[in-house]
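J.: Here the protein sequences line up with chains A and B, keeping their order. In terms of the numbering used here, the first sequence opens at residue 1 and continues consecutively. In terms of the numbering used here, the second sequence opens at residue 110 and continues consecutively.
Source of the hints: derived by calculation from the structure; they are not laboratory data. Because the structure is a prediction, the values reported are computed rather than measured. Every residue gets a Cβ at the ideal spot worked out from N, C-alpha and C, and that includes glycine. Please note that the accuracy of each hint is not assured.
[Claimed, not checked] Ranges of calculated distance between the beta carbons of each label pair, as one might list FRET restraints: (1) A:ASN18 / B:GLN150: 40 to 46 Å; (2) B:PRO179 / A:GLN14: 31 to 37 Å; (3) B:ARG124 / A:ALA17: 32 to 38 Å; (4) A:ILE44 / B:LYS205: 16 to 22 Å.
[As the list claims (entries may be wrong)] Computed footprint of chain B on chain A, listed as stretches where at least three residues anywhere in the stretch have a Cβ under 8 Å from a Cβ of chain B: (5) 51-64; (6) 80-90; (7) 97-106.
[Stated by the list, open to error] Quick partial rundown of chain B residues pointing at chain A, CB under 10 Å, derived from the structure: (8) GLU137; (9) TYR142; (10) PRO152; (11) GLN159; (12) ASN160; (13) GLU165; (14) LYS180; (15) PHE183; (16) ARG190; (17) LEU200; (18) GLY215.
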Amino acid sequence: GIQVEQSPPDLILQEGANSTLRCNFSDSVNNLQWFHQNPWGQLINLFYIPSGTKQNGRLSATTVATERYSLLYISSSQTTDSGVYFCAVDWETGNQFYFGTGTSLTVIP
Amino acid sequence: DTGVSQNPRHKITKRGQNVTFRCDPISEHNRLYWYRQTLGQGPEFLTYFQNEAQLEKSRLLSDRFSAERPKGSFSTLEIQRTEQGDSAMYLCASVKQETDTEAFFGQGTRLTVV
Chain A
1 GIQVEQSPPD LILQEGANST LRCNFSDSVN NLQWFHQNPW GQLINLFYIP SGTKQNGRLS
61 ATTVATERYS LLYISSSQTT DSGVYFCAVD WETGNQFYFG TGTSLTVIP
Chain B
110 DTGVSQNPRH KITKRGQNVT FRCDPISEHN RLYWYRQTLG QGPEFLTYFQ NEAQLEKSRL
170 LSDRFSAERP KGSFSTLEIQ RTEQGDSAMY LCASVKQETD TEAFFGQGTR LTVV
């Protein structure tokens, strides 16, 4: 199957700081999504971004499919941004989503 | 549309008992996925349905696990003779169609086997 690697594994930020999370994948993909897992375990959709750049408030994401990576930018971080961020890819020749191991973000006041 | 719904949210069971979880996908979504997530890991694929047909199963899905989607709407995941290693969060996701592959996940069912 496809390999999905996320970095960094853990990140601690002061409130108001900016951060960049990275997702590398090993093969061509149909779809790439970024999720935020809340403390209760639910995966909240952030971006559906197989290619290009999207922005939603303080968050933005860029996927460069030809180079097999995606970046999630968080600006002016808030304590409510804390949690685990997952990247998931839908393999071009497969029928399932492959998840990375996540980046655990802690924003301290 | 209220999103993907999973029941129950939490389940505590004794080792050896059978458990069943339910997932109601977003209406008109024809693909439904089951994933399992253990502590500190990303979700791992278990199985998926295209309408009522179960098209792929992971090797993680042992003989004790069975999933159904009888009318192409809701799905159930049953675990027979539960073991402590089955303790995990079980997540369900739905996708509208092959050309629109954005996945939406439910709140999950957290299973604890004691």
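J.: Under the constraints set out in the numbered hints, which ones does this structure not fulfil?
T.: Of the numbered hints given earlier, those the structure breaks are 1, 2, 3, 5, 8, 12, 14, 15 and 16, listed in rising order.
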